[in-house]
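Produce the entire structure from the sequences given, and follow the hints as far as they go.
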Amino acid sequence: MAEIINAQAPAGAASEQIDPVPRISMQVFCDSEEIGAVVDSALKDRRMAKTHSKQHMGGSVAAVEAYRGAATPNVIVIEAPKSRDTLIDQLDQLAHYCDPGTKVVVLGHANDISLYRDLMARGVSEYLVAPFGPVDFVRAISRLYRGPDAKPLGRVVAVIGAKGGVGSSTVAHNIAWTMATKLDMATVIADCDLPFGTAGLDYNQDPPQGIAEAVFAPDRVDANLIERLLSKCGDKLGLLAAPATLERQYDFTETSFDTIIDVLRQTTPWIVLDVPHQWSGWTRRQLVGADELVIVATPDLASLRNAKNIVDNLKSARPHDHPPKLVVNGVGLPKRPEISIGDFCKTVGLEAVATIAHDAKTFGGAANNGQMIAEADPKNPAAQTFLSLASLLAGRADVRQARKAGLLDPIMSRLQRRSA
Numbered sequence: 415m416a417e418i419i420n421a422q423a424p425a426g427a428a429s430e431q432i433d434p435v436p437r438i439s440m441q442v443f444c445d446s447e448e449i450g451a452v453v454d455s456a457l458k459d460r461r462m463a464k465t466h467s468k469q470h471m472g473g474s475v476a477a478v479e480a481y482r483g484a485a486t487p488n489v490i491v492i493e494a495p496k497s498r499d500t501l502i503d504q505l506d507q508l509a510h511y512c513d514p515g516t517k518v519v520v521l522g523h524a525n526d527i528s529l530y531r532d533l534m535a536r537g538v539s540e541y542l543v544a545p546f547g548p549v550d551f552v553r554a555i556s557r558l559y560r561g562p563d564a565k566p567l568g569r570v571v572a573v574i575g576a577k578g579g580v581g582s583s584t585v586a587h588n589i590a591w592t593m594a595t596k597l598d599m600a601t602v603i604a605d606c607d608l609p610f611g612t613a614g615l616d617y618n619q620d621p622p623q624g625i626a627e628a629v630f631a632p633d634r635v636d637a638n639l640i641e642r643l644l645s646k647c648g649d650k651l652g653l654l655a656a657p658a659t660l661e662r663q664y665d666f667t668e669t670s671f672d673t674i675i676d677v678l679r680q681t682t683p684w685i686v687l688d689v690p691h692q693w694s695g696w697t698r699r700q701l702v703g704a705d706e707l708v709i710v711a712t713p714d715l716a717s718l719r720n721a722k723n724i725v726d727n728l729k730s731a732r733p734h735d736h737p738p739k740l741v742v743n744g745v746g747l748p749k750r751p752e753i754s755i756g757d758f759c760k761t762v763g764l765e766a767v768a769t770i771a772h773d774a775k776t777f778g779g780a781a782n783n784g785q786m787i788a789e790a791d792p793k794n795p796a797a798q799t800f801l802s803l804a805s806l807l808a809g810r811a812d813v814r815q816a817r818k819a820g821l822l823d824p825i826m827s828r829l830q831r832r833s834a
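If you read the sequence shown in our numbering, its first letter stands for residue 415, the second for the next number, and so on.
Keep in mind the hints are simulated off the structure, nothing from the lab. Keep in mind that the hints are not guaranteed to be accurate.
[As the list claims (entries may be wrong)] In the SDA-like style, the derived pairs of lysine to any residue whose C-alpha atoms are separated by at most 20 Å in a straight line are:
1) LYS760 - LEU715
2) LYS565 - LYS577
3) LYS577 - LYS760
4) LYS775 - LYS760
5) LYS468 - TYR481
6) LYS517 - GLY537
7) LYS468 - VAL549
8) LYS722 - GLY763
9) LYS517 - ALA476
10) LYS464 - SER556
11) LYS722 - PRO737
12) LYS729 - ARG698
13) LYS458 - SER528
14) LYS458 - LEU715
15) LYS793 - LEU597
16) LYS565 - SER467
17) LYS793 - GLY778
18) LYS565 - ARG461
19) LYS793 - ALA771
20) LYS749 - GLY579
21) LYS596 - LYS458
22) LYS650 - TRP693
23) LYS577 - TRP693
24) LYS775 - GLY763
25) LYS517 - ALA480
26) LYS464 - ASP676
27) LYS496 - MET534
28) LYS464 - PRO632
29) LYS577 - HIS772
Structure representation (structure tokens):
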């Protein structure tokens with residue numbers, strides 16, 4: 415049995431595309447506790463992770479005083495006073511001290527088009543009217559650095575196992591293959607388990623170069639280098655393979671993979687990260703920074719404990735994102751006592767978006783032959799589950815259900831004509 419659950423639920427749809435804010439400096443001057451609390455929450459958003467920001471109280475008055483003798487940051491955010499004339503006067507004063515290129519964002523309380531025009535005429539970059547939420551603030555700052563004609567950045571799906579051996583790599587590889595082959599979306603699968611990664615085996619590839627060349631030479635990473643390192647697994651699927659050797663130590667800093675992911679976002683619509691089961695600064699950073707997060711578990715106590723720990727740890731780091739998507743794999747393994755799906759989900763605090771039955775013959779055969787499940791056995795229920803899961807992550811309708819509806823349409827049309 416393989417099953418996709420609640421694939422059409424609104425909460426499961428792909429989260430709104432808001433590009434990460436680049437490495438900038440930003441100073442925020444609030445005048446009220448309410449706005450200050452919203453901004454404080456926004457600054458903790460994962461898309462603001464690269465921003466060097468600091469929040470002050472005192473509003474526009476404090477901003478003018480702060481920069482009388484100091485250089486201005488990339489962005490100044492001020493909460494407007496209640497008086498329109500006071501705001502205009504203080505903006506004019508601030509203009510005397512702003513360095514070229516500094517952007518000014520005003521957080522206001524009046525939905526006034528004439529005020530908006532006055533602010534734009536004075537060079538204000540954005541006017542955000544209260545009440546607004548943390549995501550609205552993040553979106554406004556993000557748009558400052560994305561032109562109207564800019565190509566959208568790629569979206570990242572990070573897949574990790576609740577423990578070793580639960581099949582998270584198999585799930586990640588099948589998701590990426592399905593996105594590229596069945597959903598016709600350009601996709602890159604990055605195998606981040608450098609010493610023991612299996613993506614090369616699963617895709618029947620043995621490239622001489624891969625992700626290690628980029629990780630260990632971050633200063634050289636650009637679109638051209640990534641293109642040379644990619645192994646083509648199809649018209650729309652590229653692989654950044656792991657070396658899977660033990661000839662060197664793989665000790666990484668927290669930001670070791672940042673440049674690679676940034677470049678991939680600029681060149682590829684979808685990036686699937688096969689994250690190894692370990693807890694370190696760089697693996698947590700990948701999970702926090704992903705647009706979509708998939709946790710793969712088996713229905714046993716160790717997976718239950720670890721999945722709950724991962725979810726609880728990431729809640730505070732991803733306060734404005736959808737919860738992770740839980741996939742329960744290997745259900746129905748003979749002679750193994752299992753925790754029921756209902757009890758498992760209740761304890762973790764997530765509803766499983768997919769369950770995949772234990773099928774050693776199909777999965778083992780596909781792995782040994784370097785195939786995906788849909789290649790080895792297109793009619794296998796797991797192949798349909800991967801299609802539904804990929805569609806869910808991409809924010810598309812369930813392709814499986816759409817195809818079924820399409821096949822039935824002519825029959826239903828004939829029946830309706832007969833009954834008429």
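The hints, checked one at a time:
no. : hint            : in the structure
1   : LYS760 - LEU715 : holds (13 Å)
2   : LYS565 - LYS577 : violated (37 Å)
3   : LYS577 - LYS760 : holds (19 Å)
4   : LYS775 - LYS760 : violated (31 Å)
5   : LYS468 - TYR481 : holds (14 Å)
6   : LYS517 - GLY537 : holds (8 Å)
7   : LYS468 - VAL549 : holds (18 Å)
8   : LYS722 - GLY763 : holds (8 Å)
9   : LYS517 - ALA476 : holds (17 Å)
10  : LYS464 - SER556 : holds (12 Å)
11  : LYS722 - PRO737 : holds (12 Å)
12  : LYS729 - ARG698 : holds (12 Å)
13  : LYS458 - SER528 : violated (33 Å)
14  : LYS458 - LEU715 : violated (32 Å)
15  : LYS793 - LEU597 : holds (17 Å)
16  : LYS565 - SER467 : violated (26 Å)
17  : LYS793 - GLY778 : holds (16 Å)
18  : LYS565 - ARG461 : holds (18 Å)
19  : LYS793 - ALA771 : holds (14 Å)
20  : LYS749 - GLY579 : holds (18 Å)
21  : LYS596 - LYS458 : violated (36 Å)
22  : LYS650 - TRP693 : violated (31 Å)
23  : LYS577 - TRP693 : holds (11 Å)
24  : LYS775 - GLY763 : violated (32 Å)
25  : LYS517 - ALA480 : holds (16 Å)
26  : LYS464 - ASP676 : holds (12 Å)
27  : LYS496 - MET534 : holds (18 Å)
28  : LYS464 - PRO632 : holds (17 Å)
29  : LYS577 - HIS772 : holds (17 Å)
Against the hints set out earlier in the document, violations occur for numbers 2, 4, 13, 14, 16, 21, 22 and 24.
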